[in-house]
Every structure is written in structure tokens, then in C-alpha cells.
Amino acid sequence: MPTLLNLMIFTPLIGALLCLVAPSKQAAKSIALVVSVVTLAMSLVLAAQYDYHAGGVQFESAMMWIKGINVEYRTGMDGLSLPLIVLTTALSVLVVAASWNIEKMTKAFMALYLFLYTGMLGVFLSLDMVLFYVFFEVSLLPMYFLIGIWGGPRKEYAAIKFFLYTLAGSICLLVVMLGLYHITPNAADSGGKPIWNMMTLQSDSVHALFAKGGTYWVFAQWAFWLTLVAFLIKLPAVPFHTWLPDAHVEAPTPISMILAGVLLKMGGYAMMRITWPFFPDSARLFWVCVATLGVIAIIYGALCAMAQSDWKKLVAYSSVSHMGYVTLGLAVLTRTGFDGAYFQMIAHGITSAMMFFMVGVVYERAHHREIDRLGGIWLKWPGYGGWSLLCFFAGMGLPGLCGFIGEIMVLLGTFEAVGHGAGHTTIVYTLGVLAAFGVVLTAGYILWMFQRVYMGLPKPDYDHYEPVNTREYAIMTVLGVLALVFGIVPMIVFHATGVTFNHLFAMLAVQ
Amino acid sequence: MSLQLAKLIPWLPALSAVVCGICCIKRPLRKLAAPVCVLSILAGFVITLGIQSHVTGHHEGGAVGQTVTLFEWVHAGSFHVDMAYYLDPLTIVMLFVVTGIGTLVALYASGYMAGDRGYARFFAYVSIFIFAMTTLVLADNLVLLYLGWEGVGLCSYLLIGFYYQKPSAVAAAKKAFIVNRIGDLGFALGIFLTFHHFGQVTYTDIFNAAALYHAHGVEVPWTVQLIPYLLMLGAFGKSAQIPLYVWLPDAMEGPTPVSALIHAATMVTAGVYMIARLTPLFMLSPGALELVAIVGCVTALFAGTIALCQYDIKRIYAYSTISQLGYMFLGVGVLCTSGAVFHLFTHAFFKALLFLTAGSVMHALAGQLDLRKMSGLRRKMPVTCWLMFAGCLALAGFPFTAGFYSKDEILAAVMEKGLTEHSALYITLAVLGLFTAFLTAFYTFRLWFRVFMGPEKYEMGEEHHSDEDSHTTQDAAHGSTSGGIEVAHHHEPHEMPLFPMNLPLVVLAAGALLAGVLGHRWMAHMIGSSSAAVVSQVAEHGEAATETTHHLTLLPGVDLHTSMMIISSVIAVLGIVLAAYYHWLNRPAADRLASQFKGLVTLLANKYYIDEINDAVIVKPLNLLGQVFFAVDQLIVMGLVQFVGFVPRALGLSIQPTQQGKLQGYGLGMAAGAAIIALLVVMAMH
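Top line first, the protein sequences correspond to chains A and C. Per the numbering used here, numbering through the first sequence is continuous, rising by one, with the last residue being 511. Per the numbering used here, numbering through the second sequence is continuous, rising by one, with the last residue being 686.
Calculated from the structure, these hints are not laboratory results. All values derive from a computational prediction rather than experimental measurement. It cannot be assumed that every hint is accurate.
Computed footprint of chain A on chain C; a stretch qualifies when at least three of its residues, placed anywhere within it, have a C-beta under 8 Å from a C-beta of chain A [what the hints assert, rightly or not]:
| hint | segment |
| --- | --- |
| 1 | 68-81 |
| 2 | 138-147 |
| 3 | 159-172 |
| 4 | 175-182 |
| 5 | 404-416 |
| 6 | 613-625 |
A few chain A positions that, by computed beta-carbon distances, are all more than 10 Å from chain C [to be verified]:
| hint | residue |
| --- | --- |
| 7 | Pro2 |
| 8 | Ala22 |
| 9 | Gln26 |
| 10 | Tyr52 |
| 11 | Ala54 |
| 12 | Leu80 |
| 13 | Glu156 |
| 14 | Cys172 |
| 15 | Leu178 |
| 16 | Val218 |
| 17 | Gln451 |
| 18 | Leu457 |
| 19 | Tyr465 |
| 20 | Met491 |
| 21 | Thr497 |
Covered by chain C, according to a simulated footprint, are these stretches of chain A (three or more residues, beta-carbon under 8 Å) [as the list claims (entries may be wrong)]:
| hint | segment |
| --- | --- |
| 22 | 378-387 |
| 23 | 394-405 |
| 24 | 428-440 |
For glycine and all other residues, C-beta sits at the position ideal for the given N, C-alpha and C.
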């Protein structure tokens with residue numbers, strides 16, 4: 001099984017090389033499709049083989065990589081990565097299907113996309129800090145080109161902005177890693193070597209160094225914020241979010257899907273893998289500040305979404321707002337909030353990918369995204385309208401659909417956090433009420449958009465639009481069914497994460 | 001019949017929704033949608049009938065409700081919520097209302113909606129609605145209740161906006177959803193606080209925890225006391241009470257069967273159901289129920305006054321629904337839960353009947369709803385005329401009709417509370433309730449006399465609900481309103497066919513007239529053995545009170561209850577007689593009366609200008625806030641980023657002149673650099 005796991009990471013890379021030498025555009029597309037289906041199958045096999053009762057890291061493999069500084073090639077899968085891996089592989093098939101119409105430099109597009117794919121899988125599966133960093137950076141480069149070459153009118157600007165922002169985040173992470181390199185040899189059982197194994201970095205001996213009042217307490221506080229900023233940029237959270245609307249607006253539809261569906265989750269995943277478990281005492285010290293950042297993102301993102309006249313930008317800002325729930329859920333340090341934040345990532349992976357796809361279907365025909373120039377689409381394409389309804393209401397967090405579970409659990413967790421001790425009661429109540437008010441704002445901007453785009457009478461220029469084709473219906477059907485299934489049977493996710501989160505949360509809980 | 005069958009009640013309509021959805025896509029199958037939908041709801045009714053003896057038979061043992069678990073919904077950490085159903089007599093009553101009225105309305109709609117483009121879509125929505133509404137009623141915990149609650153909200157949104165090519169319908173749908181969401185914000189916060197304090201969201205756990213407070217007389221913390229107020233906000237939103245009632249009148253944009261089912265009989269009563277269900281929780285906070293009673297009573301009066309001056313038939317009924325819901329809140333507010341639920345039950349019959357007969361009139365007159373444009377239709381539509389008459393009698397509280405019994409039970413309970421506790425507040429509420437009953441009788445019969453009595457005269461509307469051809473030829477690009485104008489309209493108002501349209505109405509009319517006499521004791525028994533029954537020391541207090549009640553009276557020679565009955569009968573008859581005078585026998589007198597109170601009439605006709613005020617105070621500022629935030633995003637956040645990006649470039653530009661390839665410049669630079677380093681080295685050495 002560890003072999004299969006490693007093979008899964010690098011299958012897309014092999015596919016990428018094949019795409020470059022593919023004889024035709026069609027062949028490149030087929031290779032990409034086959035590769036993503038094979039990878040999906042591999043991830044499903046792994047999910048089936050995973051022992052849910054035992055939990056923890058499984059299918060682990062390690063190999064010395066850079067001996068001098070004790071860096072290993074170490075991979076493995078646990079409850080935290082499993083659902084995200086399945087999400088990534090499943091979305092990937094849909095993304096390839098959604099890129100079927102790309103005619104400009106198809107081979108290069110597919111190759112870059114598959115390269116990106118390896119990067120994403122690597123981020124979720126690596127268990128060595130340096131290896132994680134490498135994959136984190138690897139995912140950056142293909143994205144730069146995918147936006148910069150296949151994007152809209154302002155693609156260069158958007159691509160460079162995306163690149164610089166994420167690079168700034170990476171530098172913050174690098175600084176922390178330099179610190180770890182110097183400090184971890186002091187840990188009790190390190191044998192004098194730096195520790196890069198992410199599981200060991202969460203052990204008691206390392207925690208002792210970073211504990212409140214410990215030798216490296218000041219570093220731990222700085223490191224908490226530096227890693228947090230690195231990942232908040234990726235997530236993104238206000239005020240580090242301005243790259244996102246530009247990147248989304250310029251990116252081609254499939255790239256927007258993968259960007260919102262998976263790349264943003266790398267930020268949330270990394271917070272759960274690194275920021276919180278490495279520096280739990282800092283998290284306990286700063287939780288109110290971080291929670292405030294989360295609530296600001298929720299409200300700010302929603303209000304900005306309300307002011308948009310560009311449809312895709314509206315969806316992009318809605319991502320900012322929805323990711324705020326992830327920040328908030330993690331910050332409040334309650335089990336319900338933690339689970340809610342995780343579920344929110346999975347749910348948003350489904351709904352945001354679907355929303356961007358829905359926008360893309362219209363954009364491909366209309367060549368503009370101005371909400372005021374649209375209208376009456378439901379009457380034009382009833383089937384597409386029906387799926388859009390499901391999609392946007394799932395995004396809005398309607399109970400019974402996937403968006404609801406994450407939101408309500410984060411909010412419940414927030415109110416639970418009142419129990420963390422005196423002094424913060426009023427602030428926590430205020431944060432909880434404001435976050436809950438975000439739900440009303442979300443309903444506001446989604447419904448207003450839905451009214452202007454879908455309802456009313458169709459515009460005359462729709463007449464020459466091609467009808468929505470079977471491939472497109474297939475993509476939206478898969479995503480729509482997933483949105484429904486995860487809303488009704490959310491246990492699929494909690495079943496996978498349960499045992500892992502028990503261990504993880506044991507060190508985060510507020511005593 | 002096994003209790004386990006209760007699991008099917010929501011899920012059969014869910015299945016029906018999927019089938020109807022397929023019928024939407026495969027157009028040849030569309031005729032199948034109505035029977036599938038009707039049968040799935042009917043099945044729920046039959047199951048309810050079958051299991052009711054299991055549930056009502058059990059209350060002797062102390063265990064009030066029984067739980068049937070379908071599957072584990074969310075189980076993470078300490079947070080545990082199941083897809084589980086809680087069955088007690090209150091649930092059964094609600095299920096009877098939802099599935100019973102649901103079946104009849106769906107049957108009526110299979111005729112009413114025939115020829116509409118969205119025939120299958122309509123029944124798909126109705127199926128989802130029944131799924132959500134039965135889930136709401138059956139839920140065994142607050143989160144599942146919330147699921148049903150939002151689900152019915154969604155269906156309400158979809159069905160109000162059913163004619164989504166019409167801007168007014170779409171705007172009304174959005175308004176309904178957002179106003180409800182504001183209420184739901186309170187509801188959600190209430191759930192969060194409940195979870196925070198009790199650690200659970202299951203009814204039984206909450207009731208046990210609440211009982212502990214009662215039993216030990218422990219002081220209830222203020223955050224727990226806050227819970228009922230927050231939950232109440234949700235109830236006011238869904239059940240259209242002040243201040244969140246504004247969406248219901250606009251909701252009449254939806255097809256009429258929807259108004260009957262969702263916006264009169266079932267969904268809007270969800271708030272009353274919620275408070276009744278959570279009575280033990282509401283009793284933890286002394287002021288909460290009092291506030292519910294006050295809001296209910298004021299809403300009843302307020303909506304009743306607006307209904308006096310409206311001309312749109314459906315809107316009059318909408319305001320009347322708000323007003324009647326106010327009575328129900330008044331009922332739960334004084335802990336007369338059985339009266340409130342009884343009124344909910346009878347109201348479902350007569351208001352559904354009134355809406356559907358209004359629908360028949362609208363159908364016959366091609367969409368005409370304006371009272372001023374119709375008169376004397378009794379000969380054209382005799383069956384509809386007398387069916388509506390039955391409904392009007394019940395709504396007006398005419399003696400021995402259903403509405404008479406249920407409304408009277410509530411008002412008597414309020415008066416009793418006022419007299420036993422010597423509370424001026426409750427006596428005032430009872431008097432206001434009686435005055436509203438007078439208004440109700442008047443505006444109800446104003447409508448009926450205007451439509452069916454007097455000289456025969458009518459103007460056709462612009463829609464073609466009954467005209468099959470115009471609908472099928474109607475192009476997708478044309479709205480239903482624009483389609484009607486092209487074809488000259490010649491047909492006359494006509495009676496509706498017995499099946500499937502008038503037959504369900506006859507059943508409803510029978511209910512409107514008889515449900516009071518027959519259901520009186522049954523209801524008291526049912527609610528008395530449900531979780532809504534007021535337990536422990538309050539019940540003892542109540543018993544003590546009943547003894548003294550016999551000495552209380554308003555009229556000589558009879559007890560309080562009977563005297564209230566007599567008073568409200570007189571009031572109802574008075575209202576009807578006045579309506580007959582002004583709106584049948586001497587219509588010019590009504591106009592003269594209106595011109596005398598011109599200011600008041602304008603105020604009422606414009607619904608106290610509440611919509612305009614809301615727009616100016618809430619909608620506009622919020623929109624502006626969004627614009628401001630986006631401007632901030634563009635100017636400050638982006639500006640900051642641009643600035644950060646500009647600094648290195650500016651630095652580069654400023655030192656650019658030094659890099660011009662002139663050797664002497666570089667030499668100077670090198671010399672300066674070496675000097676500085678040397679200086680530093682010297683300084684470091686000292």
C-alpha cells in the first residue's frame with residue numbers, strides 16, 4: 001500500500017511528461033483523463049484499505065533524502081488527509097472534463113495541470129516538513145503559468161500577483177523552518193539532529209520546547225503567526241485576500257475550479273497539520289485574535305460579494321467569506337468547531353468548484369460575466385437552472401445540502417468556546433452573533449445574484465448560444481449529487497476523520 | 001401498524017420529488033407528476049392514521065414521546081445529532097394537518113395547474129415541501145427541526161417565485177426568504193445557546209434539563225433566559241408576526257394552491273408549533289411567553305385593520321392569516337397550548353378552503369383578484385359561492401363553526417388568566433382579541449358580499465390559467481401576463497369541475513363547519529398528553545386556578561367560558577350584519593364612510609407604509625455598506641498592496657541614475673563603500 005500511495009503522487013507527473021510528447025491535442029486530453037481516472041481509482045483503493053478504527057498515519061514510507069540535515073522523503077495518509085485526497089482526485093477528473101474545450105496549446109495545458117496535480121497530492125501526503133515545503137512550492141509554479149497563459153485579458157497581472165502573494169507566504173514558512181532547524185536538535189529525543197518529521201514535531205518532547213514559559217516560547221509565538229500568515233494567504237483570509245478575486249476572474253474555468261476546490265484547502269489543511277498542532281500553546285494564547293480574523297473574513301467577504309457586478313468576482317468573494325468559517329472554527333479550539341472547519345473545507349471544495357463551473361458554462365457562450373447583462377437563464381436552460389439552484393443554495397448553507405453542516409458546526413463550536421474562561425465572554429458572544437449574521441448576508445447576495453442572472457425573461461442575444469451539452473450536464477450532475485449526499489450523510493467525512501481528530505484534538509483542547 | 005412506518009412519512013414525498021423531477025425533464029411523463037405527488041402525501045396520511053393509537057395510548061406510563069431513529073446524521077466529538085423522529089400526540093395532530101390538507105390541496109392543484117408549463121416542476125416543489133414540513137414536525141432535535149424549517153423556507157421561495165419570469169414574483173420570493181433568514185438568525189442563535197448550555201440539542205435532553213431547573217428552583221442564568229427570546233424571533237419570521245410579517249402578503253404572488261397549503265395551512269404555523277413543542281424551554285424565562293402573547297395579540301389587531309382596506313382578495317386573506325396566527329401566538333403565550341393548536345387545526349381547514357375558493361374565482365375570471373372589478377358572481381359560480389360562504393362563517397367565528405370553538409378557547413383562556421391574576425394586561429389583550437374578532441367578521445364578509453352578492457358585474461383579468469391552448473403555444477420568451485393579451489378573451493366565468501377541484505373543497509368545507517364540534521375534546525386530550533402539556537408545579541397552580549374560575553364571570557348566570565362564547569357570538573353576528581349593510585345592501589354608504597376617514601383609509605390601504613420604511617431604514621443602508629466595503633477593498637487594501645509593490649520599484653528608480661555605466665561614478669561608489677566599511681571596522685575594534 002505505501003507503494004501505491006507513492007505511485008499515486010507521481011502518476012500525474014508521468015502523465016505530464018507523456019502529454020508533452022503526445023502526438024495530438026486529442027491524445028493529450030485523453031492521457032490527462034486516463035491519468036486522473038487512474039489516480040481517482042488509486043485513491044479509492046487507499047480509502048477502502050484505510051483502517052478507520054485504528055486511525056492515525058497509515059501507509060507510511062520513509063527514505064533518507066538529504067542526510068546532512070536529516071531530511072527524509074516521508075509520506076503517509078491519515079484521517080486529516082484522506083478526505084481531501086479523495087476530494088482532489090475526484091475533482092481532478094471533473095476538471096479535466098471541464099478543460100475539454102481548451103484549444104490553445106492543449107498539450108502544455110494538460111502537462112502543467114498534471115504537474116500541479118502532483119504538487120497538490122504531495123502537499124496533502126508528505127509527512128516531512130521540507131518535503132511539504134517542496135510540494136507547496138511546486139504547486140505554485142504551474143498555477144502561475146496556467147493563469148498567465150490561458151487567462152483572460154489581465155492574466156499577466158493576476159498571475160504575477162498570485163505568485164508574489166503566495167511567495168511571500170512561503171518565505172514566512174521558510175523563516176519558521178530555519179528556526180526549527182536550529183531549535184529542534186535541543187529536543188529530548190532528537191539525538192542532536194534537526195527534526196523534520198511532522199508527527200515528531202507534534203510530540204511532547206518538541207512541545208516542551210515551545211510550551212508557554214518554555215525556552216523557545218517567544219519563537220513559538222512568532223512561528224505561530226508566521227506559519228499562520230503563510231497559510232492565511234493561501235486560504236485566503238482578509239487582509240491577505242486581494243490576489244484571489246483577480247486570479248479567479250482571469251483564470252480559465254477549470255483552473256478556477258481547482259483553485260477554489262483544492263488549492264485554497266491547502267491553506268486550511270496546513271493550519272491543521274502545522275500551525276495548530278506544532279504550537280498549541282500559542283494557539284491558546286491568540287485564539288481570540290485569530291477568531292476575529294475569521295469573523296472579519298466572513299462579514300467582509302460577504303459584503304464585498306454583495307457589491308459585485310462581475311459574476312465570477314462575486315463567487316470569488318463568496319470563497320473568502322466561506323473560508324472565514326474555517327479560520328473561525330479552528331481558532332475557537334473546540335472539537336465541534338474543529339470538525340466543522342474541516343467539513344467546511346470539503347463542502348466548499350464541492351460547491352465552489354460547482355459554482356465556478358456554472359459561471360464558466362455561461363461565460364463560454366456569452367463571453368462576459370456582467371450580472372446586469374444576464375437574466376432569464378433558467379427559462380432558457382431549465383435543467384442547467386435547476387442544478388444551479390442546488391449549487392448556489394448548497395453554497396448558501398441550506399440544511400440538507402453540504403454547506404450547512406460545516407457552517408452550523410463552526411457556529412456551535414464558537415458558542416461552546418464561551419466556556420474557555422472568563423474575560424472573553426462578551427467578545428465570543430459578539431463574534432458568534434456576527435458570524436451567524438454572515439449567514440443572512442450570504443442569503444442576501446446569493447439570492448440577489450440568482451434573481452438577476454437566472455430569473456426574469458431571457459435576453460434576445462441568448463438565441464445563438466449553443467445548448468448546454470451532455471459533457472457539461474454530466475459534470476454538474478456529479479457535483480450536484482455530491483453536494484446533496486454530503487449534506488444528508490456527512491458521516492462519510494466524520495467517519496474518516498474521527499479517530500485521527502481524537503488524537504489531534506487531545507493536544508489542542510483548552511484545559 | 002408499526003411505529004417504524006413513521007420513517008416513511010417524509011421520505012415517500014422525497015422519492016416523489018425525484019420522480020417529479022424526472023417528469024420535468026421527460027416531458028411526455030409530466031401528467032404522471034400529480035398522481036405520484038398526491039399518492040405520496042396520502043400515504044403519509046394513512047400511516048399517521050395507523051400509528052396514532054400507538055402514540056396516544058402510551059402517555060399513561062409517563063414517557064410522553066417515542067423516538068424512532070433513521071440513521072446517525074452527525075456524530076463528531078461531543079456533538080451528536082441523529083436523523084430521528086419524535087412521536088407524541090402533538091406530532092400526530094400536526095401530521096394530520098400537513099398530510100391531510102396537503103393531499104386535498106395537491107388534488108385540487110392537479111386540476112388548477114393543468115396546462116401550466118411548469119406542471120411537473122410544481123409538484124416536485126410541493127413534494128419537497130411535504131418532505132421538509134413533515135421533517136420539521138417529526139424532528140427529535142433542534143438541528144433537524146432547523147433542517148425542516150429552512151427546507152420549507154426554500155420551497156416557499158421556489159413556489160412564490162414559481163412564475164419566475166415575473167419580476168414581482170421574484171422580488172416577493174427573495175423578500176420572503178431574506179426576512180425569514182433574519183428570523184432564522186435568531187432561531188440559530190437560540191440553538192447555539194441551547195447547545196452551549198445543555199450540551200445537547202435533542203428535545204428529550206432539553207426537557208429533562210429544563211425540568212431540573214423547575215424541580216430545584218435554581219436560578220436560571222440570563223443566557224438560558226435569552227434562549228426563548230431568540231427562538232421566538234425565528235417563530236415570528238416563519239409565522240409572519242410583527243415585526244417580520246412583511247413577506248407574507250407579497251408571497252401571494254405564488255400559485256393559489258401554494259398560498260393555501262404553505263402560506264395559510266401549514267408552513268406559517270411552524271412558529272406556533274415550535275413554541276408549543278418547546279413550551280418547557282419557554283417557561284424558563286418568565287417574560288418570554290408574555291411577550292409572545294402581546295406580539296400575537298397586537299399582530300392580530302394590526303393585520304386585521306389592514307385587511308379592512310385592501311382590495312386584492314388573496315391579500316385580504318393573507319392579512320387575515322397573519323391576524324389568525326396572532327391568535328395562535330396569543331394562545332401559546334397564555335399556555336393555552338391546546339387552544340392554540342386547535343385553532344391551528346381548524347384554521348388549516350377554513351383558510352385552505354378560502355384560498356382555494358379564491359383560486360377558483362381567480363381561475364374563472366382569468367386572474368382577476370380586484371374586489372372592485374367583480375360583483376354578484378353567485379349565479380355563475382354557485383358551488384364556489386357557498387363553499388366560500390362556509391369558510392367565511394368559520395373565519396368570522398360564527399357560532400358553532402370550527403373557528404368559533406377554537407378562537408373562543410383562546411380568548412376565554414386569556415380572559416381567565418387576566419381575571420384570576422388580576423392582570424390588566426391580559427384583560428386588555430382579551431378585549432383587543434374580541435375587537436379583532438369583530439374586525440375579522442366584518443372584513444371577511446365584506447369580501448364575500450362584494451364578490452358574490454349585489455348586481456352581476458365583472459371584468460376579466462389578463463391571465464389564462466384555464467385556457468390550455470394559450471399556455472402551450474406560449475413561447476418561453478413570453479411571460480404569462482404578456483401571453484394573455486394577444487388572444488381576445490371571450491369565455492365567461494364558469495364553475496369548477498367536481499373532480500379534482502371541487503371535491504377536495506367540499507371536504508374542507510365540512511371540516512370548516514364541523515371540526516370544532518367534533519374535534520373539541522379530542523384536541524384537549526391529545527395536547528394534554530404531549531410534551532407541550534404544562535407539567536409540575538404550574539399544573540398544580542392551574543388546578544387551583546380552575547376552582548376559582550367557576551366563580552368568575554362576565555355575564556350574570558353563566559360561567560366565564562359560556563359568557564365569552566355568548567359575547568363572541570354577538571360580536572361575530574354584528575360584524576356580519578354591518579358588512580351586509582355596507583357591502584351588499586347599501587354600497588354607496590361604504591364609500592361615504594371611507595371618504596369621511598380619508599386619512600385613516602389611505603394609511604391602511606398603504607399598509608402603514610411599513611415596506612417603504614423598511615426599504616429606507618434597512619435595505620438601502622445595507623446595500624450602501626456593501627458598496628463602501630468594496631470601495632475600501634479597492635482603495636485601501638488594494639492601494640496598500642499597490643504601495644508595497646511600488647516601493648521597490650521607486651527605490652530602483654531612485655538609484656537608477658547611479659547605474660549609468662559611467663566608470664567614475666562606480667569608482668566613487670566603491671571608494672565610499674570601502675570607506676564606510678573601514679569606518680565600521682575601526683568602530684568595532686574600539
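**Request:** If any of the earlier hints don't hold here, list their numbers in rising order.
**Result:** When the structure is compared with the hints, numbers 5, 17, 18, 20, 21 turn out to be violated.
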